[in-house]
Structure formats: structure tokens, C-alpha cells
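*Asks:* Those protein sequence lines, which keep their order, are chains A and B.
According to my numbering, the first sequence is numbered sequentially starting from 21.
According to my numbering, the second sequence is numbered sequentially starting from 876.
A hint or two may mislead.
On the chain B side, residues computed to face chain A include the following (Cβ under 8 Å) [unchecked claim]:
{"hint": "1", "residue": "Phe-880"}
{"hint": "2", "residue": "Ser-883"}
{"hint": "3", "residue": "Leu-887"}
{"hint": "4", "residue": "Phe-1043"}
{"hint": "5", "residue": "Ile-1088"}
{"hint": "6", "residue": "Tyr-1092"}
{"hint": "7", "residue": "Tyr-1121"}
{"hint": "8", "residue": "Glu-1128"}
{"hint": "9", "residue": "His-1130"}
{"hint": "10", "residue": "Asp-1328"}
If you anchor each label on the Cβ, the simulated ranges turn out as follows [what the hints assert, rightly or not]:
{"hint": "11", "chain 1": "A", "residue 1": "Val-43", "chain 2": "B", "residue 2": "Tyr-1025", "range": "27 to 33 Å"}
{"hint": "12", "chain 1": "B", "residue 1": "Pro-1085", "chain 2": "A", "residue 2": "Val-52", "range": "27 to 33 Å"}
{"hint": "13", "chain 1": "A", "residue 1": "Trp-37", "chain 2": "B", "residue 2": "Phe-880", "range": "19 to 25 Å"}
{"hint": "14", "chain 1": "A", "residue 1": "Leu-109", "chain 2": "B", "residue 2": "Trp-1232", "range": "18 to 24 Å"}
Derived by calculation from the structure, the hints in this document are not laboratory data.
Cβ atoms here follow ideal geometry from the backbone N, Cα and C, with glycine treated the same way.
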Amino acid sequence: MSALCNRMFSDSARYRWAVFSRVVAAFVGGYVLSSMVLLLLSLILPLPQAEAIATSTMLGFILYALIIIWAFSSKRLRTVWLGLLIGSLACAPLILWLMPEGGA
Amino acid sequence: MKEGFRQSMAWLHTWTGLVVGWVLFFMFVTGTAGYFHYEITRWMEPERPLVEALPTSGRDAMISLALDQLEQRAPHAAHWQITLPHYSPVNRGWQNFEIRWEDLPEPGHDHGARGNATLNPLTGEHQESPPVRATGGGELLYEMHYRLHYMDLLLAYYLVGICTLLMFMAIITGVITHKKIFKDFFTFRPGKGQRSWLDAHNVISVMALPFFIMITYSGLVFFDTTYMPAGMAALYGPDRESRDRYFDDLYAENHDHQAATRPQATLAPMLAKADQAWGEQQIQSVFIQHDTGESPRVEIQRIHIDRLRWYDGEKLAFNATTGEALPTGPYGTTTSRTRQIITALHEGRFAGPWLRWLYFAAGLLGCAMIATGLVLWTVKRRRHQTLPGHDSINMQLIEALNVATIAGLPLGVAGYFWANRLLPVDLAERANWEANVLFLLWGEAFLYACFRDIRKAWVEILWLAAAAFALIPLLNLLTTDKHLGMTLTAGEWVLAGFDLTMLGLGAAFAWMAIKVRRRWLSDISQGTSV
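Isolated chain B (complex conformation):
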């Protein structure tokens, strides 16, 4: 292609990065927010009481009440699950007393309908959760990073896959292009225009390089047989049913089940054994299943402990008829476990608070890497902009997309939170409108950038984003009773943390606005371009 390996890789890096940079930026912004999606949802449902725990009764009594409900509600279930009230480190919040079940599948189906209900621990009656405003919450924001929005799911998966593959390529070729990856890590030459942008791009990219490689590759692995179906389609078949058969084989979930029933053996000795093994208050749930051809089984699951595959925590299994202990594990084969670990790394659900913030920081660095890369592309070419020719139109378009996405999309995200507080509670399709506000602001930022002097557009939209984020705690104070003054004194760190993070983001955008403005003002006075 061009002279030499490195040059051709630089070319590939530039173009793969540019083609999908804006979509990737969107994926990184929404995906990074996703690492706190429970916390964001909590903030977006201010009606929820601070203390969500219901008064509990004795464990054996609760389990008995739950079994009554399950017998009534799910007489033909493939499994029953009873979750005892506890603090869940995975969902990072209080988990109330709850039953879950999955009905036996209809003929020709792989899974039956699923159901769940929160129960009152004292009576066993269905416990209505307090009414909250309709909101997409953090969940919708997080889902956008792989489902996009306003489009067919499968199309979104393919688009996301192409973007992810190109990012994977951009990362690999970026490393190859980089001759002095270690030395450049310590190199930053500020105030030197293009050189500084390149240094910034390098430093940011190298800083979280392992994260970027992990996150893109694991993103592909999530949809592996969707993106590269050759092996599965040829050996199992291309249709949905074959896909289900493939995953059942892979995760050894191909048992047929008999309807779950109340265990004949008493559960109390089984629970006591769990207490003995793990200590008091360590039981998360009781799971009841009857594989065809085997005796019915009771599994007692421990509350999540630190491990990547968080859902395969420790458990004890018992024969539900005789009460005798059954062996458990090993869970999965090397292959299925490898795949699970790759995807678990991506989701980071196992991560405690510190690691979670590190994930968040790495995600923000990803946004910064893409943003600096996109800016670098324009800065490199801006000096040719004055030349006559058709390229200047493309250049303007790219500049406008850069402003609209790098400054305007965060503005849209702030708008998403504003909409949550300001849209009337009884508005039809309210949750959709929150998302519409996000995309409307993004779109308007683009239109604005198309018709405004690009330098002014940068400064103005950055300031707007700064104000939109920084004022969120104030908005929260005016519209709810769960504001910083209250949450900080009550030690409600989930809610307070959200407001404080918004202040931090506001400060970050203000800093960027000041930098850009100063830079361009001095340039204009010196008569040079950036």
C-alpha cells in the first residue's frame, strides 16, 4: 500500500478511526455511564424511599411463605428461586424478599415464561413497590451502547459490531504505528498545536491500553456467533433454534425438567449447613429444580463473593426428597468458562467500588482517546482548509460532527437527566421522551455547529455542557427532597455521588471551554491558525 509496514498501519489507523469515531464516542459515553447504571436509575427514581428494606421475619418462616406463593403462582415451573432479603454487592443495593420462577417451556420452545414477585416478609403477600416516575434510567443509557436507539435490534448489533471491529483494528494498528510506545508515554509537549494533540492522544491511549483491548475484544465475543456465525451455522444450523441448541450444549443446559415442587425434606438443616460453612447471614437464595431422570434438588446460593464469574458463587446442593448433600460443580468447561470470563470482564459486574471507579475512569479515558483522535484528524488537515477544492465541504462536515459529538453528546446526556426532573410525571411515553431529549440536543448541536463559526461553536457548546452538568445538583434541589444537603448528611453516597459526579463533569467541561477559548483568542491575536 504505502511505503513500509508502519506507514500502511498509520493509514489504516487514521481511516478506521475516523469512519466510526463518532459512533464509538457514543458507545463509550453511554457504556461508561453503564458502569453506574443502578446508581443512575436510583437517582432518576427520586420517589423511592431512602431505606428500601422491609421489616423481616425469621428465615424459615419466610421460605415457607415463599413456597406457598410459588405453589400458587407457578405450579408448572422449570425452577423456583427464593431470594432472601440482603444487601447485594452485584446490584449494589438492598435486595428485598423475592420469588422468581420460569415456567416449563411450551412444546417447541427452549424457555418458558419467567415471573417474579416481591413479597412482604411478614405476610408473604405480594408487595407493591412504591410508584415511581416512568424513566429509562441508567439501564436505557447503558443499553444504548450496544443497541443504539431508534433502530432494529439486529441492525444495531451489526453496526455496533462493525464499529467495534474497526476500533479493535485502530487499537492494534495504533500500537504498531507507535515506535516509541514507552518513551512517548512520558512525553507531553503542551501548547504546540498538532504535536500536543498527538501527545495527548498517545498518552491517553497508552494509559488504558489493556482496558481498550479487553473492552473491544470482549465486546466482539458477546456477539461472537452473530458476527462470525460460520462454525455454528455450518454445524448446528443458521436458525434461532439451532443457536439455542448450540448455547445449551456449550453451557451444558440441556436438561429437561419436571415441574418444581415443595421439597419433601425439611430445609432448616440444609440452611444450617450453609451457616456452618459460610457464617451467619451469608445465604442469598434457595433454588429448587427437578431434572428429568434425577431426584429433585435444592441449591443454596451464597451472597456474591469476589470472583469474575459472579453468578457462579459458592453453593451447596441437597437432595430435596432425602435431604442428603449432593456434590456441586465443576461449573462449565474450560471453553465456556473462558468465554464467560471474557464477557464478565467487559461488564465489570464483579467489581467493588474502587475497581468500579477505575472502570469508569478507563471508560472516560476511552472517550478522551476517541475525542483527541478525531480532533487530531482535523487539526492535521486544518491548514489545508483554505485551499480551494471540494474537500473543504467534507472538512466542515467533519468539524461540525466533532463539535456536535464531543461537546454536544455530553450536553445531550445532561439533558437526559434534566428531562427526568422536568418532564411532567403524567406525560405519555415519558421514558421515551427522556431519550428523545438526548438525541434532540445532539442533533441541534450538530445543526448549530454547521451554521456557526466552528471556533465559537466549540466554546459555546462546551460552556453549555458545563452549565448543564454543573446545575444538575441545583435542579435536583429544586425538584426533589433528595438533594446534596440531605444526602450528604444522611450518608447516602449513591445519590450524593451522582450529584457530585455531575459537578465534577461540569468542572471538566468548563475547563475545556476555557482552554479552547484561550487558545483560539491568542491565535486570533497572533494571526495564526490552530
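If we strip away everything but chain A, and leave its shape as in the complex, we get:
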């Protein structure tokens, strides 16, 4: 890791790209994943629909914050992108399966 860091520092442009990629992963990718999870939560929480949405949306901000922290603390950038991608993709079929018929 230290070697990787050194290489990043020695190559300033490369380091900047890595930071940019991580910022996008954390804030955009993190937003997508937390939105997916909160939608999934809205579908599975055993509450009336509006309440389930309110609960999961309020939790969504905390989840988003945790994802951002994870994205910045994780050693490898590739792990971050893969984690976000796999997480979001895993939510999708569950959401489609649980979505009520004729939902908006």
C-alpha cells in the first residue's frame, strides 16, 4: 500500500485522477447505492407504505454517510467501485420482485 501511495504521489496527475474517481464513487455511487437500499427497505419494512418510506429515507442519510466513509477509507479504489456496483445490482432484482403491481 505504501508503495502504491508513493507511486501515486510521485505521479501527481495519476493521484489526482484517483482522488477524482474516488470522490465520484463515494458521492455519486454512494448516492445510487443508498437510494437502492432505501427503496428496498421501503418495500420490506413491516409498516404502512408511507411510514416505511419515511423511515427508510431518514435512515438513508446515515447509510449514505457510512458508504462515503467506507469509500474513502477503503485501501483499493477497485474494491470501492466493485462494492458499489455489486451492492446496487444485488438490490435491483429484489426491488423488481417486491414492487407492488401497477406501482408508479
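Chain B: place on chain A using the hints.
*Replies:* Same frame as chain A, but now just chain B:
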């Protein structure tokens, strides 16, 4: 990213803080002022008489007069509300005799038009309020903290949301970065340059940490389905109508209504029951509504009592036709109540005077936390400033933004109050010009800081802010009859408190100016940089 968890969090803390620090400072300054927005408005409308209470008549007579007016003005209303004269702890002032209503919604709409009128308690006639100068008052200052100014509302909400999220991140990562959060709380090493700034930043941040976490998170919750609409948009739909349906479901407000009418049962026994339950002079208002499919209802609301969800005070409900008592509550579900409590904590409208000052102090600490954080960023990097390279331009820009915002924005706020007293009363768009003065001063402070030696700019703008605040009581004395000499002797603490707070702020800025000046003078003589 960098080595180790803590280091990467320190990086995130630094950059999230810097990117939005200035906007956050603006939000904290205006939001903190917002905890006293009624009081500020009161000061900014000096034409209002000291005693705003009108002579009252008997309660039953007043209610009868109000019903006459409502029948006349709002024959197709979804509800009627009659507010009896009382001292309102929520609005922190005298509440006159007033009627409010909301018309039945037009087809395809969720709400109808709302109306209200202050009535003369003796005649029931509409009571004109005394003319006051056009001013945005404390309300406009308070609204700026989430609507900003000069921009589209939705854009402002998103910008504010991004800043709030980044602050939320900066707080969490700040705590993680902090290894010895408890020990550092008692650590302050003054006069040691960067180390002292770090200590100050730590002490201030930890002191009001629960407040900062609460205020940022609840700020996000206010706009939860605007910022993270996934759940609502997928299950209700993305448009405005669906949003309304969602909130109606959440707060169980999905009744259709029939037009409100004068109750058939006499109200006097209902009011007597309220007196019995709560004691004399405890009734705030009478509310009349007719849910479709149910009998019309009269609700008697008690004057606010200490509870977070201040608007759901105690009430008694009666059948408007037969006069029999109806059960009330429970109000809302666990989820809706949780959400209401989170947002109520943010607004602090439930807070009495002491808690309100604590809110204000915590808000000021928030300003100080952001300011010390921004200064720390520059102090850390200032020693590299002499190195050649493109960074020095950015550095100058950041330094200028720091002076302009930390010293210049408060100067602008003082200017907002000056403008209230000095702008001609008949000026067109007067309320807008008060706000323009605020932003003009802020902008000018920035230009000044760009072209002036940064150390001199700091000292000079701080002094200017100190003078601008400290002289407000004098300005008030010269331009109105509601000055300290009068308000203090009359025990008018809202008006006197405003002037005294301005003196206090003036003293605080003078102290900062003296500190900065002394520090830099000694540095220059020792030939070191800060």
C-alpha cells in the same frame, strides 16, 4: 486512499470542510439569528406600539363575533379557526383576536386558499394593524439559511442539501479523526500558532457536538424526500401531486371535508369543560371542521405547553351538533412523530427563554467552529505560501474568502440592520434593499480583501464589524423612540435585548480585532509568520 483509516478521514474532513465552509458559515450565521427571528422583526418594525394588546370583551361574545365573520368571509372553508387573545409562548409575543380559515380545495388540488384576519374584540370588525416600514425582518434573515437568496428555490434547496451533507460528513469524520476527544476537550495551548487554532477548533467543535450532529441531520430530514426521493418516487410517483399524497398518508391528513358551519350545539359548556380541565385563561383557539362521513367537530386547543411537538398541544374535541365529548389522539404514528420530533428539535420553537439562548449560543459556536476550521486550513498552509507555483493564487483567494466571510458577512448583517433604520421609508422594494445591503457589504469585503494586504484586511474589517454592531443602539436612539433608555426602564426586554446583543457582538468583534492585530504586530517585529 492515504495510509490508515484515520488519515483518510482527516483528508475527507479537511476537504469537505473547505469546499462548503463559506456557505455553511452563511447558513449558521443566518440560521442562528433565526432563533430570535420574532424578536428581530419586532426591532425592525419600530412603529409597532409597545403594548399591542387590544381591549378584550367576554369570551363567548368574541367567539360569536368571530363566527359571524367566518360565515361571511369563508362560507366554503375546510376549517375555521378562532384564536382568542393571549400571550403566545411559541411566537413569543401577544397574539390578538384572530380568525383563520382554509377554503375547500379546487378540484385536482390538495389545499384551498388560506385567509386570516385580526378582529376588533369589541366589534368583530377587521382590525387594521398599524402601518410599519417595509422590512424583511428576522423572517427573511432566517429564511436565508435554507433558501439562500437571489436564486431559484429548488436550486437553493439542493445547494443547501449538499452543503449540509458535507457538513454532516465533516462532523462524523472529525470525530473519527479525533483520537483523544475527551482529553483534547480540556486542552488549549494559546499563543502557539497553528497548534492553538487546532485546539480552539477542537474545543469549540466538541463543546456543542450533539447540537451540530442534531442540526445537520435534522436539516437533511426536513427535505428528506427532496434529497433522497428514491422510495417516494418509486412507490408514489415523482410529481408534486404524488408527493402531496405521500405526506397526506404519512400524517393521516387524507380526509375530505365539508364546508365548516356554525356549530349547532352551544360552545359555552365546551369552553367551561376546558376551563375545568386546564384552569382559567388556558384556551388558545377554537377549531371547527367537518370530515366527510362524520359529524362536524369542535376542537378546543390549549395554549402551548412544554413539549417538542408544540403544535400538538392538549386539546378537547366535541361533536358540534350534539355537544358531546369526543375522544382525541393519539396524534400520528411512531414514524410520523419521530420525523416531527427531529424537525422540531431543529427549529427549537418549543424552547423557552433559557433554552433559546442555549440554542443561540450553540449556533454561535457553530459559526466559530467553521471559522476556526477555515482559518486553520490557511494557517497550516501559509508557510508554503512563499514557494513559487500556481498554488499561491488559490491560497490568496481562500484567504480573501475567509476574511470576507468570517469578518465581512457579520458586517453585512449589521448593515442589514443599519439599512432598516436609514433607508427612506417610502423607497420602492425597500425590504429587498435591506437584503441587498447585506450582500453588497459582503461582496465589497471580498473585493477589499483581494486587493489589500490580508493581515490589514483582517484587522480593518473586524474593526468595521465591531463598530457597525456597537453603534446600532446609538443609531436606534437617533432614529426611533424605542431606544435603550426607554426600553430598559419600561422593561421591554425584547427590544432592549436586541440592542444589548448588538453591543455584545460589537465587543466580541473588537476583541477579535485586537487579538489579530496584536498577534501580527508581534510577529512582524519578531520577523516570523503566523
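*Asks:* Next, verify each hint and record whether it holds.
*Replies:* Here is what the structure says about each hint:
no., hint, verdict
1, Phe-880, "holds, 5 Å"
2, Ser-883, "holds, 5 Å"
3, Leu-887, "holds, 5 Å"
4, Phe-1043, "holds, 6 Å"
5, Ile-1088, "violated, 11 Å"
6, Tyr-1092, "holds, 7 Å"
7, Tyr-1121, "holds, 6 Å"
8, Glu-1128, "violated, 11 Å"
9, His-1130, "violated, 15 Å"
10, Asp-1328, "violated, 31 Å"
11, A:Val-43 to B:Tyr-1025: 27 to 33 Å, "holds, 28 Å"
12, B:Pro-1085 to A:Val-52: 27 to 33 Å, "holds, 31 Å"
13, A:Trp-37 to B:Phe-880: 19 to 25 Å, "holds, 23 Å"
14, A:Leu-109 to B:Trp-1232: 18 to 24 Å, "violated, 52 Å"
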